Amino acid sequence: MSFFIESHPIDFESLRESLASPDCGGFVFFEGRVRNHHEGRDVVGLHYEAYLELAQKEGRRLVDEVSRKFGVRAAAIHAVGDLKPGDLAVWVGAAAAHREEAFAACRELIDAIKLRVPIWKRETYTDGHGEWIEGCRCASPH
Amino acid sequence: MKPPLFGLLLAGGRSTRMGRDKASMVMGKDGLNQGQRAVQELSAFCQKIYLSLRDGQAPPEGCENLEVVRDNLGISGPMAGILAAFEREPDAAWLVMACDLPFVTPEVLAKLVQARADGANFIAYASATDGLPEPLCAIYEPGARAILQRHAERNHLCPRHIMIEERATLLELPPSSRRALENMNTPEDIAAATGEKQIHIGWFGALAEERGCREETVVTSAQTAGAFLEEFSNTHNLSGLRGHVRIAVNDEFAQPDHPLRTGDKVVFLRPFSGG
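Protein sequence lines, in the order shown, are assigned to chains A and B.
Sequential numbering from -10 applies to the first sequence in this note's numbering.
Sequential numbering from 55 applies to the second sequence in this note's numbering.
These are computed hints drawn from the structure, not numbers from a lab.
Take the hints with a grain of salt, since some may be wrong.
Claimed, not checked - 20 Å max Cα-Cα, derived SDA-like pairs, lysine to any residue:
{"#": "1", "chain 1": "A", "residue 1": "103", "chain 2": "B", "residue 2": "319"}
{"#": "2", "chain 1": "A", "residue 1": "46", "chain 2": "B", "residue 2": "308"}
{"#": "3", "chain 1": "B", "residue 1": "319", "chain 2": "A", "residue 2": "42"}
{"#": "4", "chain 1": "A", "residue 1": "46", "chain 2": "B", "residue 2": "309"}
{"#": "5", "chain 1": "A", "residue 1": "46", "chain 2": "B", "residue 2": "234"}
{"#": "6", "chain 1": "A", "residue 1": "46", "chain 2": "B", "residue 2": "296"}
{"#": "7", "chain 1": "A", "residue 1": "73", "chain 2": "A", "residue 2": "-4"}
{"#": "8", "chain 1": "A", "residue 1": "103", "chain 2": "B", "residue 2": "318"}
What the hints assert, rightly or not - Computed beta-carbon distance windows for the label pairs:
{"#": "9", "chain 1": "A", "residue 1": "74", "chain 2": "B", "residue 2": "249", "range": "31 to 37 Å"}
{"#": "10", "chain 1": "B", "residue 1": "315", "chain 2": "A", "residue 2": "70", "range": "53 to 59 Å"}
{"#": "11", "chain 1": "A", "residue 1": "74", "chain 2": "B", "residue 2": "240", "range": "38 to 44 Å"}
As the list claims (entries may be wrong) - Below, a sample of chain A positions facing chain B; criterion: calculated Cβ distance under 10 Å:
{"#": "12", "residue": "70"}
{"#": "13", "residue": "87"}
{"#": "14", "residue": "100"}
{"#": "15", "residue": "102"}
{"#": "16", "residue": "104"}
Computed from a predicted model, the values in this text were never measured in an experiment.
Quick reminder that beta carbons are idealized off the backbone N, C-alpha and C, glycines included.
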């Protein structure tokens, strides 16, 4: 249904309200939050950057694909800018008549977003040093 | 004794069709922009080179050291620049050259300079296409000043028409330089003339950090997106371009065999890490 990229903090609540529907008995959502550690290092901040024109197009295509495939109402919103541990980086929701499709669609959508939408993150560590993180290209979720 | 010959590089146009300042554009592989190339050509024949700019305009990159002549308020276009130059140096002859003539050769300028021997006030080439005078790569002797002023007072501001009316000495372009005076008004002109393309690159993430900029425009002869990536990677030391890199053309994912056209926007994409 919709895919958005917004400066942190993202407003997912209005999106959640717009997805809810009387014919949907199952509503699953996933919140991706900033973790304070990565491969043994303490993370103090994250910077997300998007190739906005393409990311919005590709994100909308993914939401449409997943909505059609599972017959659900789906939406997602991703943050860009500077985030701290605990902050909300991405919100993905799927509402369906029953929980099975809602769980499956939500899972597939967050995995696809990580893999296919041109957004990059840069981690900053306790020593002030920072690094751009390379996503894994394998299709398996982790 | 003939009056000294000064160069006047006309860079005051607004380049509206090109969409950016033509004098600052780099064409060809020598890395010189059009302004710098024109200065190089003029310097072989002129004692001194002036840069003609409109009021308030900054000099193009690489031309900051030239003495500037500002357009006279009230009129615009090349006439304004030429009259302002005569006002500055009334006793000089001017080799006037527009900054968007990338194919002018030393041979072309030499033939103009040699023709000064005839004593004409205006010396120009006849256009290879219509035979009319080409006023923006031409010599204006000091005697031309009063004639130009007279026309300007009657609001005749087209140097080509003035040259026709005043029976300028017209030369034929050297056979090897028939296209020397074709000017470049649009990115498509450049592509058609050189087979080279202007590509706008956008940089994101680790690549933007390593490259040190968010966007740049380069010239390439690569035919496809993949060939362009390979060429850029070979000519620039960017570790981020090694390994797995995808390509987007005009804000859409593209395969390596995607054909490139001039004016395309290209983004090289490292593996994503959103979520």
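query: If you check each hint against the structure, which ones fail?
result: Hints 1, 5, 6, 8, 9, 10, 11, 12 and 13 not satisfied by this model.
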